[in-house]
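Enquirer: All chains, full assembly: derive it from the sequences and hints.
As they're listed, the protein sequences go chains W and Y. Take the working numbering: the final residue in the first sequence is number 360, and no numbers are missing along the way. Take the working numbering: the final residue in the second sequence is number 245, and no numbers are missing along the way.
Because the hints were derived from the structure by calculation, they are not lab data. The beta-carbon is built from N, C-alpha and C at its ideal position, and this holds for glycine as well. There's no promise every hint is true.
[Unchecked claim] Pairwise CB distance ranges (calculated):
(1) W:185 with Y:170: 33 to 39 Å
(2) W:185 with Y:112: 50 to 56 Å
(3) Y:112 with W:208: 49 to 55 Å
(4) W:188 with Y:11: 30 to 36 Å
(5) Y:11 with W:350: 53 to 59 Å
(6) W:117 with Y:20: 57 to 63 Å
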Amino acid sequence: MSAANKEIGPPVIELGVMGWLRKNLFSNLHNSLLTIFGLYLLYILIPPLVNWIFLDANFVGSTRDDCTNEGACWIFIQQNIKLIFYGLYPTEELWRINFVYLILFISGVYLLIPNLKHKGWVGAFLLIIFPIICVVMLSGGLGLEAVETRLWGGLFLTLVIAGVGIVLSLPIGVMLALGRRSKLPVVSLLCTIFIEIWRGVPLITVLFMASNMFPLFMPEGVNFDKLIRALIGVMFFSAAYLAEVVRGGLQAMPKGQYEASQAVGLTYWRMMALVILPQSLKMVIPAIIGSFIAIFKDTTLVLVIGLFDFLGIIQFVGTNPDWLGFSHEGYVFAAAVFWVFCYAMSWYSQRLEKKLDTGR
Amino acid sequence: MSSELMIEMKNVHKWFGELHVLNDINLEINKGEKIVICGPSGSGKSTLIRCINRLEEHQRGNIIVEGTELTNDSRSIERIRGEVGMVFQQFNLFPHLSILDNCSLAPIWVRKLPKAEAKEKAMEYLKRVQIDDQAHKYPAQLSGGQQQRAAIARALCMEPRIMLFDEPTSALDPEMIKEVLDVMVGLAQGGMTMIVVTHEMGFAKEVADSIIFMDEGQIVEAKNPKDFFDNPESERTKTFLSQIL
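Expert: Take a look at the structure:
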């Protein structure tokens with residue numbers, strides 16, 4: 001009996017490439033038609049795109065006259081790359097931005113390599129010392145020449161706004177979520193009002209308010225930097241959304257986790273920091289990263305208050321008389337760069353979920 | 001036995017909305033005593049022990065644990081929780097931490113023990129409940145019986161003077177009940193003061209100094225095991241015993 005059973009494998013029809021194809025792409029008439037239609041769509045879409053982006057494109061040259069082919073004119077991007085990446089930041093000071101990128105890159109790679117020691121210290125460095133380095137390096141001070149924020153722009157400005165928004169909004173969002181669930185009615189009410197007001201207003205309105213109305217409420221002579229006002233707006237806007245995401249995670253926690261933490265004597269803040277938040281944040285990682293991605297893309301709205309972010313500056317260089325008519329290249333390039341950053345976040349979130357999975 | 005008073009409940013009342021879940025509870029438990037509480041579901045037995053470490057708040061009367069009266073003052077709550085360990089029906093281990101970290105978490109953060117010492121002590125207790133070989137696994141990788149033993153070890157790591165058990169075997173598959181009860185018997189023999197809500201009458205007969213029968217929020221009967229099983233006075237107790245034995 002058992003000897004006979006060993007001889008029976010899975011049916012041959014399920015095995016090999018043909019088996020896979022038959023099972024997944026051609027299992028019945030309906031599926032086969034869909035498969036063929038899908039392949040046809042790819043056939044009519046992909047080759048022209050590849051031709052335009054790569055095969056027929058111009059990569060070398062210095063003016064629009066070098067763009068002779070049918071395809072994309074990447075010279076447009078190449079010639080304006082400094083503006084697109086750094087805005088109007090003084091050329092001789094660009095090393096300061098690059099230096100900050102380098103530190104960020106090295107620490108990031110260090111944190112991504114598994115099993116290295118002292119990751120906690122690197123993380124602490126990134127959260128505490130790195131921001132100070134950024135402020136000094138980017139805006140000047142300690143002997144470095146001051147660079148006004150109105151000169152900041154391009155991808156650099158996008159990263160500053162998104163980075164500050166993301167990094168600061170998570171802790172604020174967590175505090176708001178805890179506050180909204182607090183047993184103290186005043187705390188809970190205040191947090192709820194705060195969250196609902198920010199969520200009820202479009203980001204574009206927030207930015208307008210920060211840029212145009214906020215100064216009206218300030219005493220004469222007090223003048224906040226416009227970028228800082230926009231940053232604060234983006235930060236609270238994002239925090240309000242994150243608060244609701246985090247609250248969802250907190251509500252999904254079984255009551256027993258709270259009780260067990262209390263029974264072993266943990267105080268409220270320790271219980272939250274050691275038991276409840278690590279689990280509930282883990283549950284909502286996809287939604288948190290979703291919020292981050294949204295805020296990253298929403299930074300493009302700062303254009304309306306006269307800050308030239310990555311997309312804004314690409315549109316701006318497109319209006320340069322020397323380069324009129326190349327907006328397609330600009331938008332495709334912008335889309336590609338946005339996609340790289342957003343996909344990187346998405347990839348990291350999946351990695352984090354896998355790493356933190358301890359079963360349930 | 002020196003009769004040092006560990007827990008005193010005087011005229012304790014509690015309501016959930018209109019429902020009178022604890023109705024005039026009076027109870028004195030001495031050091032080293034083992035009390036088993038039984039009764040039909042909804043009789044208030046879980047609520048009673050959960051009041052002792054303030055997972056539930058009593059609304060009238062006094063609860064005094066080791067000389068400290070339980071009040072809204074967070075210091076009194078903290079002090080009492082430091083002396084009282086609790087084991088839950090659903091184990092309630094922390095799923096994101098290894099078994100060892102589950103056990104050493106509170107000693108490190110509440111007792112402020114150095115990490116190495118806390119882990120050493122945790123291993124000691126895990127050995128006592130015979131799952132030291134599972135120390136580096138996560139709760140989800142363990143069987144129910146192993147998880148409950150880990151939960152007992154976690155409570156013991158705080159070196160409590162009193163242990164509360166809230167139906168510790170009710171969520172377990174039958175073949176795992178014994179391994180948990182064995183640990184509890186061992187603990188009882190070591191002189192721990194224990195209050196156990198359970199329907200395991202074999203366990204009650206073996207270790208209890210006194211068995212309390214509760215119904216509708218009241219203590220109906222409190223006797224030593226022999227009298228409890230042989231001469232129950234109240235009709236409600238008799239009915240209950242006939243149903244579960």
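Enquirer: For each hint, tell me whether it holds in the structure or not.
Expert: To see whether the hints hold, each was checked on the structure:
Restraint check, residue 185 of chain W to residue 170 of chain Y: a C-beta distance of roughly 36 Å satisfies the suggested window 33 to 39 Å. About 34 Å separates the C-beta atoms of residue 185 of chain W and residue 112 of chain Y, a value inconsistent with the hinted range of 50 to 56 Å. For residue 112 of chain Y paired with residue 208 of chain W, a C-beta distance near 51 Å keeps the hint of 49 to 55 Å intact. As the Cβ distance of residue 188 of chain W to residue 11 of chain Y is approximately 34 Å, the hint placing it in 30 to 36 Å holds.
Distance hint check: the CB atoms of residue 11 of chain Y and residue 350 of chain W are about 58 Å apart, consistent with the given range 53 to 59 Å. Judged by the Cβ atoms, the range 57 to 63 Å given for residue 117 of chain W and residue 20 of chain Y holds: they are separated by roughly 59 Å.
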